[in-house]
Amino acid sequence: MTKNHAQFSAVWFGSKCADWDQTSRDRRAQLSPIINYNVKFSDADECLDYIKTIQTESVVFIICDSQEQKTDANYLSFSTVVVYLYIYCFNKVKHEEWTLNKNYASKICGVFTDIDLILAKITDDAKLSLKKHFTIEYFSQV
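For the sequence shown, the numbering used here begins at 3 and goes up steadily by one.
Just so you know, the hints here were simulated from the structure itself, not pulled from any lab data. Keep in mind that this is a model prediction, so the values were computed, not measured. One or more hints might be untrue.
[Unchecked claim] Dumping the calculated PhoX-like pairs for lysine-lysine here, alpha-carbon to alpha-carbon at most 20 Å:
no. : residue 1 : residue 2
1   : Lys109    : Lys96
2   : Lys123    : Lys109
3   : Lys129    : Lys104
Assemble the whole structure, with the sequences as input and the hints as a guide.
Below you can see the structure in the form of structure tokens.
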């Protein structure tokens, strides 16, 4: 069996993440087959400090209904460990402007108002990334 060299961490950031109920936590746990760590931050400095410590994993970053974190998203766009950015919010129209910013638009995988849809998208993107990783790894060994 091939070892999974492409590890993923899910970083959930924003004040709305702290308000999640048990059902939301259970749904996030559904990511465990592909996500090694699920961490949640409401403090921007703590979140960025955590991301700066990551060296071997790829980060799936989810911003939870938060306008004030746009400046931090600029850092995330240049971080090599952050491979995907997702916006989880209650007002899709308000947050779709994130996708227009050229600094990080290429990493944004969508703006979501439904937890099930964002979890499905994260799962699909991670599986596709793993498939690409294993294809590259296979051909580099041949």
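A quick look at each hint next to the structure:
1. Restraint check for lysine 109 and lysine 96: satisfied, since their Cα atoms lie roughly 19 Å apart, inside the 20 Å limit.
2. As the CA atoms of lysine 123 and lysine 109 are separated by approximately 13 Å, the hinted pair is consistent with the 20 Å bound.
3. Restraint check for lysine 129 and lysine 104: not satisfied, since their Cα atoms lie roughly 26 Å apart, outside the 20 Å limit.
Of the numbered hints given earlier, the model fails hint 3 alone.
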